[in-house]
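> Residues per chain are reported as follows:
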Amino acid sequence: MKIVVKEGVNENSHWTKVAREIADYTVNELHLSFGNVEFRLVSNDGLAAASALYASPFPTWYTGQNYVLRRERMGARYESLYEMVGHVYKNISDNEEYTVVYINKADEDFQIKSVMAHVYGHMHMDYNNYICKGERVDLAREAAFRERYLELEKILNEGGAVDGKAELQNHFDTSQTLEMLIDLYPESRTEADNSFKNYYKTTDALPEERVYDVYKFLLENASMNPWEKEFYSMTYEAARLYRTARVKIMHEGFATFVQKKYALYGEKDPVTSTKMQLFIDNVATPSNMAQLPYAFGLKLFERIEERGNKGQFGFGYDLLSTDSKRAYNDKSGKGLEKVLDSLRFSDDLGFLNSYADDLFLADYVELLKRSIPEDFEPQTEKDAEFKDWVDNLTTEGLKFMLQVRLERSIPRIELPKNGTGFIGGFGRGLLLEHDTSFIDRCMNSYTVSDGDKIMLSKLMTLDNHSTGESLNRLSRMWKHPVYIKTIDADGDPCVIGSNGTSFKTMPVNQKSKGLVRW
Amino acid sequence: MSDLGDSEEKYKKKVDEEDDDLDLSVEDLVDIVNGGAVSRHIPLKSNPRIVYGTDEDGSEGTGDQGGDSRADIVFGIDRKYILSQQNKWKLKFTKPNRFRSTQMEFLVSENGLQENEEETLEAMLDRQNQTGEFKKKGFHIDVKEEDIRYDIVRDKPIPYKKATFILMRDVSPSMDEVTKMADMVALHIILRLQEEYKENVTRCYIVHSSGAEEVSERDFFKDVYGGGTSFLDAYKTVSAMLSGTPYKSLLGYNRKISWADEDVYVMHITDGENLDPEGSVVEEIKSMLPKITRLMYMQINENRDGWPKFINEIKQIDSTKLRYTEAKKEATNVNIAKALSDLLGDTE
Numbered sequence: 001m002k003i004v005v006k007e008g009v010n011e012n013s014h015w016t017k018v019a020r021e022i023a024d025y026t027v028n029e030l031h032l033s034f035g036n037v038e039f040r041l042v043s044n045d046g047l048a049a050a051s052a053l054y055a056s057p058f059p060t061w062y063t064g065q066n067y068v069l070r071r072e073r074m075g076a077r078y079e080s081l082y083e084m085v086g087h088v089y090k091n092i093s094d095n096e097e098y099t100v101v102y103i104n105k106a107d108e109d110f111q112i113k114s115v116m117a118h119v120y121g122h123m124h125m126d127y128n129n130y131i132c133k134g135e136r137v138d139l140a141r142e143a144a145f146r147e148r149y150l151e152l153e154k155i156l157n158e159g160g161a162v163d164g165k166a167e168l169q170n171h172f173d174t175s176q177t178l179e180m181l182i183d184l185y186p187e188s189r190t191e192a193d194n195s196f197k198n199y200y201k202t203t204d205a206l207p208e209e210r211v212y213d214v215y216k217f218l219l220e221n222a223s224m225n226p227w228e229k230e231f232y233s234m235t236y237e238a239a240r241l242y243r244t245a246r247v248k249i250m251h252e253g254f255a256t257f258v259q260k261k262y263a264l265y266g267e268k269d270p271v272t273s274t275k276m277q278l279f280i281d282n283v284a285t286p287s288n289m290a291q292l293p294y295a296f297g298l299k300l301f302e303r304i305e306e307r308g309n310k311g312q313f314g315f316g317y318d319l320l321s322t323d324s325k326r327a328y329n330d331k332s333g334k335g336l337e338k339v340l341d342s343l344r345f346s347d348d349l350g351f352l353n354s355y356a357d358d359l360f361l362a363d364y365v366e367l368l369k370r371s372i373p374e375d376f377e378p379q380t381e382k383d384a385e386f387k388d389w390v391d392n393l394t395t396e397g398l399k400f401m402l403q404v405r406l407e408r409s410i411p412r413i414e415l416p417k418n419g420t421g422f423i424g425g426f427g428r429g430l431l432l433e434h435d436t437s438f439i440d441r442c443m444n445s446y447t448v449s450d451g452d453k454i455m456l457s458k459l460m461t462l463d464n465h466s467t468g469e470s471l472n473r474l475s476r477m478w479k480h481p482v483y484i485k486t487i488d489a490d491g492d493p494c495v496i497g498s499n500g501t502s503f504k505t506m507p508v509n510q511k512s513k514g515l516v517r518w
Numbered sequence: 001m002s003d004l005g006d007s008e009e010k011y012k013k014k015v016d017e018e019d020d021d022l023d024l025s026v027e028d029l030v031d032i033v034n035g036g037a038v039s040r041h042i043p044l045k046s047n048p049r050i051v052y053g054t055d056e057d058g059s060e061g062t063g064d065q066g067g068d069s070r071a072d073i074v075f076g077i078d079r080k081y082i083l084s085q086q087n088k089w090k091l092k093f094t095k096p097n098r099f100r101s102t103q104m105e106f107l108v109s110e111n112g113l114q115e116n117e118e119e120t121l122e123a124m125l126d127r128q129n130q131t132g133e134f135k136k137k138g139f140h141i142d143v144k145e146e147d148i149r150y151d152i153v154r155d156k157p158i159p160y161k162k163a164t165f166i167l168m169r170d171v172s173p174s175m176d177e178v179t180k181m182a183d184m185v186a187l188h189i190i191l192r193l194q195e196e197y198k199e200n201v202t203r204c205y206i207v208h209s210s211g212a213e214e215v216s217e218r219d220f221f222k223d224v225y226g227g228g229t230s231f232l233d234a235y236k237t238v239s240a241m242l243s244g245t246p247y248k249s250l251l252g253y254n255r256k257i258s259w260a261d262e263d264v265y266v267m268h269i270t271d272g273e274n275l276d277p278e279g280s281v282v283e284e285i286k287s288m289l290p291k292i293t294r295l296m297y298m299q300i301n302e303n304r305d306g307w308p309k310f311i312n313e314i315k316q317i318d319s320t321k322l323r324y325t326e327a328k329k330e331a332t333n334v335n336i337a338k339a340l341s342d343l344l345g346d347t348e
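Going down the list, the protein sequences come from chains A and B. Going by this note's numbering, the first residue of the first sequence is number 1, and it counts up by one from there. Going by this note's numbering, the first residue of the second sequence is number 1, and it counts up by one from there.
A few of these clues could be false.
[Unchecked claim] Result set (BS3-like, lysine-lysine): computed pairs, CA atoms no more than 25 Å apart in a straight line:
| hint | chain 1 | residue 1 | chain 2 | residue 2 |
| --- | --- | --- | --- | --- |
| 1 | B | K328 | B | K309 |
| 2 | A | K154 | B | K13 |
| 3 | B | K328 | A | K154 |
| 4 | A | K165 | B | K45 |
By construction, these hints were calculated from the structure, which means they are not laboratory data. As the structure is a computational prediction, the values presented were derived from the model and not from experiment.
Taking the hints into account, I'd like the entire structure generated from these sequences.
So, in structure tokens, the structure goes:
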């Protein structure tokens, strides 16, 4: 494993030495494993640019907005972005693959060291978690996308009176609408689901089997010019990063866990160690829900380690009473092994269900309540709502909130078998389905109040302006109406349909054979 | 940074095209004219996606990506921004050249000063030959003052470095609805002049209804209306400023504009209603015309048909100094751009 720190084109020998020492600690003491890393020390501006291009590699207004936003917020110290793990690239000097990591050179030395440890945690996740492993993106490929985008702008401009930039921009905007329609769970599909079939048959109805990757389906079956197809292929590939949203808590939680281990046991200077611990406390604040992945994730990994060290796993342990569980300790000392094992084959939801037991959640609720000072005075309505929620929070309420938050991160949209062509009650079009099965999971797994049920319906409906406008775009792309079956704010089935220019919501008539006509 | 390409420009262009939030008030533009800047909070833009939530609760953009929260971008609008906006409107303005003074311009040949040196040497040789010095000493370089030769010298027109901008506005009640458009165009012109004259631009403000008086900038941009409309008094006030004679002023002093040493721009904003005899206004303008650089007349009255008579008469006297426009009352970028082009833009 090779570690190097560069500033501009030159190696920074001091920081390279430091980075290698920290890497040695994480590998030898924490048993992490990852590939080569190239740290790049950059300014606020450089980090803002890297962050913007990571979100989208294409030189569009969206990238410009992200760049301006980051640059301003970091410049005003309203937000701190300390690091950014980027893409992989092949270093031609040694022909080896490196992951590029951007670090803010304006940070203080202890922050840079602490952040390096954090980064190694991320790297371990990227190399060992089964979801992250499949989504590593090549820097050269991203650069190629960028160049091709600029080429297409030029070609379109030269092709006639068309404003090439504006036309390509429109397609980029459409691709943003599409990007959450990729299959977020490819690992759960069977070989039959993923096999290529000949979709072009004599009947109008497509597809033969249920489709989970609607974006890919549109890419392969919508009528497009060759250059449009090429463009959407590029944006489809860039959209795959969304799959890593499923492991946000694990990613940040584990990285913070490694960072804290280094602060406590790896850093020899006590003053630096204390500064690092305070730094971590500032980031992983339980009372800041925006930092939940850091705070909750860290606590959960620490609990897994504690339980692993005490042998608190297994069928026998599960049968114990609550008090006995707390007291159990076989001193097996396998905490770290358990932590590393826990992050390999899970996403956040699986992680939560496997390891966030009632004891842990009860402790976390207490921690949350203690994190709000007694004399705290809410300054805004949101603050007051949050305080009220925390004051009344129970273990089950926390678990419910987490389950809803994770299930709801990105809507699962699918295209059922024969979901195109002439659809009964609709005419020719594309009929999508919103997978709402998780609502039952949330409702049935907990004791849910009527208020929670109402809240859940409102949170789980897709009936809103943004969805409607999205369907307008899909319809223009598909060149026929597009519909989506979902639920309304009251939890009743409905269909939202678009003919390309306007959309409307239609109630589903369960008794009639078909659905209300467009 | 190069990987970003023109992303930032594309984003700013999108904001320019879409955002009413960037609309400036007259007060904002006055601040900018006086060297300040204003800021605007622009909400983040996003493309529609299939997302959870109802419209009343605010549907989310990308769902729970963790960490990031919605934010605004703070857009700073200063003089540079306004000038770049004018450039996007393709406003081209060049300072007129007036013969303030002459300078001797030494023409040079294609190979620098060679021709002058050559002529000087030739003159030197002629002298040496005539005086017998050449015969005595042979060829030697000994240039005396009388030998020095130059090519053609000519007068070079120099643009003025200073300008005075006199802004006159009709404050009769009928101008109530069109104030913003009038003021925005005038302020845009001031900014452009400041750019061209490196901020050496003196501003004078005259309001007129049944009479006319010079007021402060603060009072000029206050919306106070009343009275009938008399153009004559307004133009007489300008003439008084140019000649250094007394006129009515709320500033506590009268000014004298050194029109011989600087460019003078006069802008008149009105709805076109004038109670004075037309002939008197024409005579007044005729007398001031040689002293001013440009007279800009902006009429904002969609109900009025045609121009006041003096416009045609002044055109016949000196059309190069007169620019006029019929402006719409809505202060949109399109309307402002057109008015600016008519009043200030270079003609083909």
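> Confirm or reject each hint.
Structure-based check of all given hints:
{"no.": "1", "hint": "B:K328 x B:K309", "result": "holds (21 Å)"}
{"no.": "2", "hint": "A:K154 x B:K13", "result": "holds (18 Å)"}
{"no.": "3", "hint": "B:K328 x A:K154", "result": "violated (38 Å)"}
{"no.": "4", "hint": "A:K165 x B:K45", "result": "holds (18 Å)"}
Against the hints set out earlier in the document, a violation occurs for number 3 only.
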